[in-house]
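Engineer: Listed here are the chains, written in short residue letters.
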Amino acid sequence: MARRAAVTGIGVVAPNGLGTAAYWSATVSGHSGIGRVTRFDPASYPVRLAGEVPDFVDGQHIPGRLLAQTDRMTRLALAASDWAVADAGADGSTWPDYLVSVVTAGGFGGFEFGQRELESLWREDGGQVSAYQSFAWFYAVNTGQISIRHGTRGPGSVFVTEQAGGLDGLAQARRLIEAGGEAVFAGGFDSALCPWGWVAQIASGRLSTCEDPDRAFLPFDEEARGYIPGEGGAMLVLEDAEAAAARGARSYGEIAGYGATFDPRPGSDRPPGLARAIRLALADAGLAPEQIGVVFADASGLPDQDRREAAAINEVFGAATVPVCTPKTMTGRLCAGGAALDVATALLSLRDGVLPPSANAVRPAPDYRLDLVGPRPRRVDVDNALILARGYGGFNAALVVRKPTETGTRTKEEQWTR
Amino acid sequence: MDALTIDGLRRILRECAGVAEDVDLDGDIADVAFSDLGYDSLALLESASRIEREFSIKLADEAVTEAKSPRMLLLVVNQTIGASSPE
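In order, the protein sequences belong to chains V and S.
For the first sequence, the residue numbers in my numbering are 84 to 501.
For the second sequence, the residue numbers in my numbering are 322 to 408.
Please keep in mind that the hints were generated in silico from the structure rather than gathered at the bench.
Since this is a predicted model, take the numbers as computed values, not measurements.
The C-beta atom is built at its ideal place from N, Cα and C for all residues, glycine as well.
Careful: at least some of the hints might be erroneous.
From the structure, some residues in chain V lie toward chain S, with a derived Cβ separation under 8 Å [to be verified]:
(1) G147
(2) L150
(3) Y215
(4) P458
For reference, chain S alone in the conformation it holds in the complex (with noise of 0.2 Å):
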């Protein structure tokens, strides 16, 4: 199965959660904390719901509220997906 992008992550951010006025989405993210691009737990639980649905995978809770930036929780939904492959 192919991996999350950050371009993937950044479009299931901005239907499920919407997106903070003084925030570019589109700019350098990766590594920006998620409650500073305006997300909360939430917003998270939301977006996780949605890439749950969308990969067919389940994430556990706490990988979800561990991972503080896009490019952590990129890392626990690709290791996720990875694990999941029917190899």
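Chain V extracted, bound-state conformation (with noise of 0.2 Å):
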């Protein structure tokens, strides 16, 4: 019997939300972390919103050797992981470290901390940059810091294809489990709500300069206007379904399928990708589209996008026969951390046979043909979730998550031979 990766421990960090239970019980009550930018005065900027971590605090989550050398991104990933492998109740420390590797996503880099280090570069008595500086920015520092952190040896790697790094790095991380890895971190973070971040996204001309915390991010709407930014994301522990079976743990389910695909160059009269990963992840989970119970949108909030996704859905599934949620209306696009807390997201409403609901869809355009889960919640017993994420620059990811199946009666040879 072939190894599956089953996801025994969930660590969230969100904007409407710190840990899993928060962002759970605010998720499914429409509770949205959208709000005015705190974190720098936002009045000089054409984009005002943003959906920022409340209540995190450095001290209580992170040692004190790790703070002079870490960005949010990496403090916010590091507090996730204790928290992903403490759920999956695991001893860490009888774990052959060779066998466990971390796996993240990170679409921007450690802003906050390069921003600080430029300004000392160029202070008046400054032209000093921190040493830390040379890692700290760094796109894979979180995979290094986690994997010191909790002793892990075995091969580590990062995903940075913007928003779809989520669902890739739990892509490799499956595969990681398959080839005989014992545990693997794998997740996805970002954080750049810092004035030089916030120009870098604003650039994009992808956000919403909406003022209205209810209105401003409306994926599928008739008035989808562009996207609110956030920051957090989440880490998940996966494991060997059987091992991890045969150890007593839990199991949210299984990451059953994948597939991704690469857009063609603008202006190209081939047709976009999103809809052939669908059918890759499906294929590879071995499904058939009737089989999903509900989808998680990419959800852009930019009308051409938004287009672009529902006909990829509806190519597939059909228009409107699969519940479509959008729950990153509460929370903002979080870049790299998007896409895992989707999964994250997702394993939750197989658990509860719940679908979130999606903050202020209160028009959803119906030229769209989606069947958009609106802002209340609902009840419905789901065997197998796909998620979406689009990477800006033509990443296009789906994952496919399914409940956890019945554990079979492989043999002890087969369980040890990897």
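The task is to assemble the complex, starting from two chains supplied on their own in separate frames and drawing on the hints.
Structural biologist: Encoded structure:
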């Protein structure tokens, strides 16, 4: 029997909830974390709303030695990785260290740390940059810091595919488990809520300049006008399903399928790649479209992009046949953290039989022909969920999670064959 | 120029590299190895760079890496301060 990658632990840091329980309860009740930027004064910028993670007190979660050398996105990732392994109920010290890996996704790097060092460099009496800048800004730093903190020595990697990274990383984590890995920390985090990171995001031209938190980010709505950026993400702990069951661990579900494609160059007459990514993920999971109970959409909030995503979903599933969730309306788009958080959300939906609401979806555009889950949660028992993500520049990714399957009767020999 | 004191070094280490959870930086640390205080080579590089800036001196790289304890580092720094005094 093939090894299957089960998710046994979840750690969430989101604008509408710190910790998995707080996040899920806020999400199901439609509580949004989007508000006016408080980290700096946004008055002089055209975009003034963000999904900020509130109440994250660094000193409560991060040891003093690490504070000097970490950007905020790394602090969020470290806290979530601690929570994920605790949630898995695993004693990490018993894991064979060379069989435990870390896979993270990061799209921005450490903007806030970098801004502070740039300011120090150009200060009158400055001319200095911290030695820690050498890695604190770096996309791969979360993988490194998590691996040091948890003593892992298995292959580590990082995905830099913007929003798609959260799914690409989980697919890599699944490969590592299937190839014999004992456990993988896998997730995505981003935070660039400082003036330098802010102008970089505004420059994309995709952000919503609306100042009403209830109307600013409305994917698939008639009034969609761009998105609100946020910070945070999710960390998952993956283990072989049989081994996890053998140690009595609870499984949230399994990573069952994955597909990734790249869009043709702008102006090409070839079709965008999202529908193909969905088909690849379904084929990989061995599922027919009607076996998918819910789709967690990329939900860019830009009319063009929304239209394309709706067309891709309908091309595979038929018009308005599968419920579509957009919980990121309550967090903003978290770059690499977004899809990882959507996977966590999908697993919680499978566990509780609840599809989270979409804040403010008052007037979904009728010609998209989507069964959009509106402002109220929906009670539905679902076996398989599909999560979609598109990264800026043409990345498409689709990932299928399914409910935990009954653990089989793998022989001891199979269990130890790697 | 005033010499770097052990308290001055404590402040610089705290500001540049933080303090490990199980370490009392205000305790009797003069002869405790930096590695036992939780400071790696990068922490010392960062702290040495701060010392260079505050005292307007230049420390030889190997002098810093060879100083294994606060007392040894203070010795190197204060010798350099003395050597660079314009007397």
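Engineer: Would you mind marking each hint as holding or not holding in the structure?
Structural biologist: These are the hints, each one checked on the structure:
| no. | hint | result |
| --- | --- | --- |
| 1 | G147 | 4 Å, holds |
| 2 | L150 | 5 Å, holds |
| 3 | Y215 | 6 Å, holds |
| 4 | P458 | 45 Å, violated |
Against the hints set out earlier in the document, a violation occurs for number 4 only.
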